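J.: Position 315 of the sequence shown, counting from 1, maps to 315 under full-length UniProt numbering, and the rest follow consecutively.
If you are wondering where the hints come from, they were derived from the structure by calculation, not from laboratory data. Remember, predicted model here, so these are calculated numbers, not experimental data. Just so it is clear, CB atoms sit at the ideal spot from N, CA and C, and this is done for glycine as well. Among the hints, erroneous ones may be present.
To be verified - Distance condition first, Cα-Cα at most 20 Å in a straight line; then the derived DMTMM-like pairs of lysine to aspartate or glutamate: (1) 37 with 121; (2) 118 with 129; (3) 363 with 293; (4) 218 with 129.
Claimed, not checked - Label pairs and their in silico Cβ distance ranges: (5) 160 with 128: 23 to 33 Å; (6) 88 with 241: 29 to 39 Å; (7) 406 with 75: 32 to 42 Å; (8) 196 with 401: 36 to 46 Å; (9) 197 with 399: 25 to 35 Å; (10) 381 with 222: 33 to 43 Å; (11) 372 with 276: 37 to 47 Å; (12) 294 with 377: 15 to 25 Å; (13) 79 with 438: 21 to 31 Å; (14) 293 with 77: 25 to 35 Å; (15) 33 with 233: 41 to 51 Å; (16) 33 with 350: 29 to 39 Å.
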Amino acid sequence: MKKLLILITILLPLASCDVLNVDSQSAVPEEKAIKDKKGIEKGILGAYTSFQELGYYGRSYIIFSDLAADNLEQPVDGTAASYTQIDNNVVLPENAGIADIWSGGYEGINIANNIIAKVPEMTDMTDAEKNQALGELYFIRAFNHFSLVNWFGAIPVKTEPTTGATGLDVARDPVAKVYDQIIADLTFAEQNLAAGGTKVRASKYAATALLARVYLYKGDYANAKTKATDVITNGGYDLLDYADVFTDESAESIFEIDFTELNRNRIAEYNFPKTLNGRREVAPTASILAAYETGDERFAGSIAFAGTLAYPIKYDDLSLGADNVIILRLAEMYLIRAEAEAELQGNVSNIQGDINVIRTRAKLPDTSASSFADLLRAIEKERRVEFAFEGHRWFDLVRTGRAVEVLLSVNNVNQTLWPIPLSEILTNTNPGMTQNPGY
Numbered sequence: 001m002k003k004l005l006i007l008i009t010i011l012l013p014l015a016s017c018d019v020l021n022v023d024s025q026s027a028v029p030e031e032k033a034i035k036d037k038k039g040i041e042k043g044i045l046g047a048y049t050s051f052q053e054l055g056y057y058g059r060s061y062i063i064f065s066d067l068a069a070d071n072l073e074q075p076v077d078g079t080a081a082s083y084t085q086i087d088n089n090v091v092l093p094e095n096a097g098i099a100d101i102w103s104g105g106y107e108g109i110n111i112a113n114n115i116i117a118k119v120p121e122m123t124d125m126t127d128a129e130k131n132q133a134l135g136e137l138y139f140i141r142a143f144n145h146f147s148l149v150n151w152f153g154a155i156p157v158k159t160e161p162t163t164g165a166t167g168l169d170v171a172r173d174p175v176a177k178v179y180d181q182i183i184a185d186l187t188f189a190e191q192n193l194a195a196g197g198t199k200v201r202a203s204k205y206a207a208t209a210l211l212a213r214v215y216l217y218k219g220d221y222a223n224a225k226t227k228a229t230d231v232i233t234n235g236g237y238d239l240l241d242y243a244d245v246f247t248d249e250s251a252e253s254i255f256e257i258d259f260t261e262l263n264r265n266r267i268a269e270y271n272f273p274k275t276l277n278g279r280r281e282v283a284p285t286a287s288i289l290a291a292y293e294t295g296d297e298r299f300a301g302s303i304a305f306a307g308t309l310a311y312p313i314k315y316d317d318l319s320l321g322a323d324n325v326i327i328l329r330l331a332e333m334y335l336i337r338a339e340a341e342a343e344l345q346g347n348v349s350n351i352q353g354d355i356n357v358i359r360t361r362a363k364l365p366d367t368s369a370s371s372f373a374d375l376l377r378a379i380e381k382e383r384r385v386e387f388a389f390e391g392h393r394w395f396d397l398v399r400t401g402r403a404v405e406v407l408l409s410v411n412n413v414n415q416t417l418w419p420i421p422l423s424e425i426l427t428n429t430n431p432g433m434t435q436n437p438g439y
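Model the full assembly from the supplied sequences, consistent with the hints where possible.
T.: Next up, the structure:
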């Protein structure tokens, strides 16, 4: 499988615990090095590498959504204390896992902002090349803001590069403002990026697909339906046999994060049992095992057994950690369109049709749901088994207001947002930072 080898080392350890104030020299090449098109290209690749951090999409972000929900649990022999808090939904502000996600997101945003600021100065780039570069960078910035707002709610929107001691006192922006910036960035990306190309870099339809998800999460169902339909109709992606989806840059994948043995992920390591040389920090719950219907081919494509121990296998490169992590794929677009149509109380046959596309691929009979309430529950269930261990479940339950009802470990809505990391609350350079309620 063809890999995009990112052989640059522009991501250095953060010098401060206040990650909103990352010095640009910690995140991008020296400004003198960004003097032409090649420098911009290196900077863009550097912005993508921020996703690879183990505390971000290299492990934690993908696992935590299922662990905080009802798809994964920490077994009795698990050793990661931060995972115990996530599993029990008793998350402390000093939790190392949430601090890693916060810092990973803002590091990626700051890298993108630093390169964005340099693009207009390039004399060896055409306007079209500049817009292509900016489209990728805006996609990366939007994706990071979206990743953060889902866990933390109101967050600081950062659209300017942080250098030295500037821009220190950054307060949280309302969620609506965060979404406005995300949508503006993705709209620019959609209009300026080329269709097709490698799946590990942003494309026109990657931006459209992410917009479909953003609109769904925001509750703008008309736009969610429109964007999902655009990807389904015009994107050129195909639904594959489920066992073939989780290979690098498959025909179903729209956007994925590149990993190689040089820039590896540790998802399989944390999922696999110790008898197979994994750490088994998480394991499928009895609830997710029971959620699959008899004959559902997604079960064998998602879960394996070592003796009696079940473990997730969508990401299975235990030795190298070089399997890419899929972020957007075509199946999601069908279920986004179905959910949006159901929320709009639209055409029941169309809703059923989109659900049945996914069920047919899984070798299951058509859905029996017909009322809008039943269709929404059917879509929720399809999303649970279709995207098990891909980092969707927690967000699906939170955005639909179902987390308190479904999850025994969630007793009030305060628990549906994570605390702002303690390091951000305590830092003297950002006194405007406030904590989420209940922490």
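J.: Could you see if the CB distance from residue 196 to residue 401 stays within 36 to 46 Å?
T.: holds, 38 Å
J.: With respect to the beta-carbon atoms only, verify the hint that residue 33 and residue 350 lie 29 to 39 Å apart.
T.: 52 Å Cβ-Cβ, so the 29 to 39 Å window is violated.
J.: Tell me if the beta carbons of residue 88 and residue 241 are separated by a distance inside 29 to 39 Å.
T.: Hint holds: Cβ distance 37 Å, inside 29 to 39 Å.
J.: For the pair supplied as a hint, residue 363 and residue 293, confirm whether the alpha-carbon distance does not exceed 20 Å.
T.: holds, 10 Å
J.: Indicate whether the distance between the beta carbons of residue 160 and residue 128 respects the range 23 to 33 Å.
T.: At 25 Å between Cβs, range holds.
J.: Under the criterion that the straight-line Cα-Cα distance not exceed 20 Å, is the pair residue 218, residue 129 satisfied?
T.: violated, 32 Å
J.: Looking only at beta-carbon atoms, does the pair residue 294, residue 377 fall within the given range of 15 to 25 Å?
T.: holds, 19 Å
J.: Assuming the hint says 21 to 31 Å, is it satisfied by the Cβ distance from residue 79 to residue 438 or not?
T.: holds, 27 Å
J.: Taking 20 Å as the top limit, are the C-alpha atoms of residue 118 and residue 129 close enough?
T.: With Cα atoms ~13 Å apart, residue 118 and residue 129 stay inside 20 Å; holds.
J.: In this structure, is the beta-carbon distance linking residue 197 and residue 399 contained in 25 to 35 Å?
T.: Holds: the Cβ-Cβ distance is about 30 Å, inside 25 to 35 Å.
J.: Is the gap between the beta carbons of residue 293 and residue 77 within 25 to 35 Å?
T.: holds, 31 Å
J.: Do the Cβ positions of residue 381 and residue 222 conform to the proposed distance bound of 33 to 43 Å?
T.: Check failed, 24 Å falls outside 33 to 43 Å.
In this structure, the hints that do not hold are numbers 4, 7, 10, 16, in rising order.
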